[in-house]
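Chain by chain, the residues run as shown.
There are 2 protein chains.
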Amino acid sequence: MELEQVRAWAHEAGAIGLGYYNAVEVRRKPDRSVVTAADVEIEQLLRARIRDTYPQHGILGEEGSQHHTDAEYLWVIDPIDGTGAFVSGLPIWGISIGLLQRGHAVLGCFYMPVLDEWYEADLSGPALFNGQPIEVLRDGLLDSEAWICVPSNIHRRYSIDYPGKVRSLGSMAAYVSYVARGTAVGALLGRPKLWDIAAGMAVLERAGGGARLLHSQRPLDLRTMLAGQSAPEPVVVGSSPALDMLLKRIRIRGR
Amino acid sequence: MELEQVRAWAHEAGAIGLGYYNAVEVRRKPDRSVVTAADVEIEQLLRARIRDTYPQHGILGEEGSQHHTDAEYLWVIDPIDGTGAFVSGLPIWGISIGLLQRGHAVLGCFYMPVLDEWYEADLSGPALFNGQPIEVLRDGLLDSEAWICVPSNIHRRYSIDYPGKVRSLGSMAAYVSYVARGTAVGALLGRPKLWDIAAGMAVLERAGGGARLLHSQRPLDLRTMLAGQSAPEPVVVGSSPALDMLLKRIRIRGR
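Chains A and B are the protein sequences, given in the same order. First residue of the first sequence? That's 17 in the numbering used here, and the numbers climb one at a time after it. First residue of the second sequence? That's 17 in the numbering used here, and the numbers climb one at a time after it.
Hints are computed from structural coordinates only; laboratory data are not their basis. There could be a bad hint or two in this list.
[Said to hold, decoys possible] Here are the computed distance ranges between Cβ atoms for each label pair:
hint, chain 1, residue 1, chain 2, residue 2, range
1, B, Ser140, A, Gly244, 41 to 47 Å
2, A, Ala64, B, Leu139, 52 to 58 Å
3, B, Gly147, A, Ser175, 41 to 47 Å
[Claimed, not checked] Here are some chain B residues pointing at chain A (derived, C-beta under 10 Å):
hint, residue
4, Ala87
5, Leu106
6, Arg172
7, Tyr174
8, Leu185
9, Met261
10, Ile268
C-beta: ideal position from N, C-alpha, C; glycine also.
Based on the provided sequences and hints, a complete structural model is requested.
What follows is the structure, given as structure tokens:
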């Protein structure tokens, strides 16, 4: 499994996405049909690349790909993570390609074409941001300038006792990447599906971070999501001290 | 007053900002000294350009420029609007250059260098995004995919009863620009200073929008902010129907 090759696929897919993005970016109203067309075209490309290169591997994709999902190696793709941002003309969206081995994330690449930023890791080295090693934050977690990523329904759904800033940016894969890079302290993810986080988890774990469930506080187990289910509870990601801090400070409203 | 010339200044300033941004973007911790250096260098450039071209005009800048602030024409500059995003390696920040005539915004240009997006207007034509005419949203204000911009302290300070999404992105000038462009329904701005919104107000008004105070519901009067004061209350921006809707739905906590 060559990270370099996966990165090339992600860049190829990103160029397709950019074509659609630039075509819609001055429109006043979101046009869902555009993102659907972009999603489908990118997923087809990635599915073809993976099947040509790794015919024995399984594939699970946000746009409906389900091929040998019980294989030892399972590729998990989100052709455009952050479709809401994409149709709104916001830049934080990207192509997410993860690889699981028996339900554990062993390789991931997330590429944001507008920003030309990519986040990647496999088991052979550190997590990388545009080729530079990255790691999660372990201190300064409660500084007033520190920030966490939150879902776009935070105002309705969550109560968060945090002295720093919250940012709602549009893409769960980007959230996990920003945490891995150590710019965000942590992220609250709502209830992701496997394709939202498979690539991100590979990067995050190599950057020294992890993911836990908001209520049970147990580590997130990707094996419970292999059939395309949402995570059983909202998920929080960060370094170990960030997780300890955030799990105490985030509540679902009325709970 | 040539918009084309102001746009060229903003692009020149943006190149300076990008140089600092790229130098810090893989750092783990925000480095405030970098943004201070970038801010000062850009403000010096813009002050020199304005004084060379319009020696009779006043200048007010976020980094301390206060020159003839009682002149008929006052240039208001924010060298980097969105410094928190800038130091965090997030892309939504930019150079804001506005021109007031007796306290009314008559020209504005906001340029986001990472995205190569610019928003501009003067009194001679429509508001423009990268050269294309834009206008504010007047319908679909409560759709579940519709979104508003909120401050990064929303979780502590505000109660918002809104069925769509909230986004916290980092730059007030960007918020006003997204509203002018009709991608965001509206924006809650906390208590801006004049340099955060002078350029944006020129663009927003030509795009058909306005700004009102959260509690008194009166239109924002930039003349109350000419000495560098914060707005007297949080500010909400949008089309007229969006303002009517949002002013009913946003509250300061405990008020």
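*Quick check: which numbered hints come out false for this structure?*
1, 4, 9 and 10
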